[in-house]
Amino acid sequence: MTRRPFLRWTGLFAAVGGGAYYYQKNRNYQAPTIPYVPPPFLWETIPAQIAERFTVPHPVQDGFLWNMASRCVMGMTGLLAKGFLMSNQTRVYGLDSFMAILDDPERTRGVITVSNHKSTLDDPCLWGVLPIQTLFTPKKMRWVLGAADICYTSLFRSYFFAFGQAIPTIRGGGIYQPGVDYAIHILNQGAWVHMYPEAKVNQAQKMIRFKWGIGRMVMDMEHEPIVIPILASRACNSPNLLYDPTILLEQTHRLGVWKTH
1 MTRRPFLRWT
11 GLFAAVGGGA
21 YYYQKNRNYQ
31 APTIPYVPPP
41 FLWETIPAQI
51 AERFTVPHPV
61 QDGFLWNMAS
71 RCVMGMTGLL
81 AKGFLMSNQT
91 RVYGLDSFMA
101 ILDDPERTRG
111 VITVSNHKST
121 LDDPCLWGVL
131 PIQTLFTPKK
141 MRWVLGAADI
151 CYTSLFRSYF
161 FAFGQAIPTI
171 RGGGIYQPGV
181 DYAIHILNQG
191 AWVHMYPEAK
201 VNQAQKMIRF
211 KWGIGRMVMD
221 MEHEPIVIPI
231 LASRACNSPN
241 LLYDPTILLE
251 QTHRLGVWKT
261 H
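1 is the number of the first residue of the sequence shown in full-length UniProt numbering; add one for each residue after it.
Bear in mind the hints are in silico, worked out from the structure with no lab data behind them. One thing to keep in mind: the hints can contain errors.
Unchecked claim - Each computed DSS-like pair below joins lysine-lysine, with the alpha-carbon atoms no more than 27 Å apart:
1. K82 / K118
2. K140 / K82
3. K140 / K211
4. K118 / K140
5. K211 / K200
6. K140 / K206
7. K206 / K139
8. K200 / K82
9. K82 / K139
10. K200 / K118
11. K200 / K140
To be verified - If you anchor each label on the Cβ, the simulated ranges turn out as follows:
12. T246 / V60: 36 to 42 Å
13. M68 / E224: 30 to 36 Å
14. G174 / L95: 31 to 37 Å
15. Q133 / T153: 29 to 35 Å
16. D62 / K206: 36 to 42 Å
17. N67 / S97: 26 to 32 Å
18. K206 / F84: 23 to 29 Å
19. E106 / G174: 31 to 37 Å
20. F210 / D62: 27 to 33 Å
21. T45 / P131: 24 to 30 Å
22. S97 / V60: 32 to 38 Å
23. R157 / G94: 20 to 26 Å
24. L79 / N188: 14 to 20 Å
25. G174 / R109: 24 to 30 Å
All residues carry an ideal CB built from backbone N, CA and C; glycine is no exception.
Please construct the entire structure, taking both the sequences and the accompanying hints into account.
Pasting the structure below:
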């Protein structure tokens, strides 16, 4: 009769002592935390009055006030870029041939320019080489695919970049998304769309894998586009450490194989 209570109390003390020892040994232990992953930026996050302008097949058409605001934003930004480039030793090759394409009144094909992305200043500073009249003519200026999670996070930014002809693009949204659809839509109307196929700043001496969006644009257009490669490089011995590019606008390229339907 006395053995069973003894064993019972012995087991209780052992359990309490073992728990206390384990707690004392691991009291500074911190449970692993799962890193915070922000939710993906969705098309619905863009202000509705802006998103409807980039939604095909029936995007909202620009009115007089919108065109004037776009002319001011594009032109003033272009002037700042032009002044910035004029203060540096910028060399440009092939600009005359490029402008002949943009100014051609009989051109009906859309223009796709592709370039490397060496700096966050590439756009809009690259376009400071264009004539002032072109900078203040939005119909002749480039459209560019811009990251929506940077350019369209507030109402002010959304209007500014929409006036600046930046098409909201969802990172990780794939090639079948409203921004790419809109780019194809305006290319079919003869517009100029600029692409950074590397999709991020790359300061290495070699190119990285291109994204597939440009391939979808070319294949889904109603006609063969005019494709113009652009190379922007910077001399290693340049005294200006900020932005001093050499810009090469190469000759146009016809696609060897294009859809026949």
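Evaluation of the provided hints:
Under the criterion of a C-alpha separation no larger than 27 Å, the hint pairing K82 with K118 is consistent with the structure, at around 18 Å. For the suggested pair K140 and K82, the alpha carbons sit about 17 Å apart, so the restraint of at most 27 Å is met. A hinted pair counts as satisfied when its Cα atoms are at most 27 Å apart, and K140 with K211 qualifies at roughly 26 Å. In summary, the hint linking K118 to K140 is supported, as the alpha carbons are separated by about 24 Å, within the 27 Å threshold.
Our distance criterion of 27 Å between C-alpha atoms is met by K211 and K200, whose separation comes to about 10 Å. Our distance criterion of 27 Å between C-alpha atoms is broken by K140 and K206, whose separation comes to about 31 Å. A threshold of 27 Å between alpha carbons decides the hint, and for K206 with K139 the separation of about 34 Å lies outside it, so the pair is violated. Our distance criterion of 27 Å between C-alpha atoms is met by K200 and K82, whose separation comes to about 23 Å.
For the hint pairing K82 with K139, the CA-to-CA distance comes to about 19 Å; that is within 27 Å, so the pair holds. Distance check on the hinted pair: K200 and K118 sit about 9 Å apart at the alpha-carbon level, within 27 Å; holds. Taking the CA atoms of K200 and K140, the gap is near 25 Å; set against the 27 Å cutoff, the hint holds. Checked against the given bound of 36 to 42 Å, the beta carbons of T246 and V60, roughly 40 Å apart, stay inside it.
Between M68 and E224 the beta carbon distance is about 34 Å. The supplied range of 30 to 36 Å therefore holds. Against the hinted window of 31 to 37 Å, the Cβ-Cβ separation of G174 and L95 comes to about 35 Å, which satisfies the hint. The hint said 29 to 35 Å for the Cβ distance between Q133 and T153, and at roughly 33 Å that hint holds. A hinted range of 36 to 42 Å holds for the C-beta pair D62 and K206, which are about 40 Å apart.
Take N67 and S97: their Cβ atoms lie about 28 Å apart, and the range 26 to 32 Å holds. For K206 paired with F84, a C-beta distance near 28 Å keeps the hint of 23 to 29 Å intact. For the hinted restraint 31 to 37 Å between E106 and G174, the CB-CB distance of approximately 36 Å keeps it satisfied. The given range of 27 to 33 Å is respected by F210 and D62, whose C-beta atoms sit roughly 31 Å from each other.
Range check, T45 to P131: Cβ separation about 37 Å, and the 24 to 30 Å hint is violated. For the hinted restraint 32 to 38 Å between S97 and V60, the CB-CB distance of approximately 35 Å keeps it satisfied. For R157 paired with G94, a C-beta distance near 33 Å fails the hint of 20 to 26 Å. About 31 Å separates the C-beta atoms of L79 and N188, a value inconsistent with the hinted range of 14 to 20 Å.
Taking the beta carbon of each, G174 and R109 are about 26 Å apart, inside 24 to 30 Å as hinted.
The structure fails to meet hints 6, 7, 21, 23, 24 from the earlier list, while all remaining hints are met.
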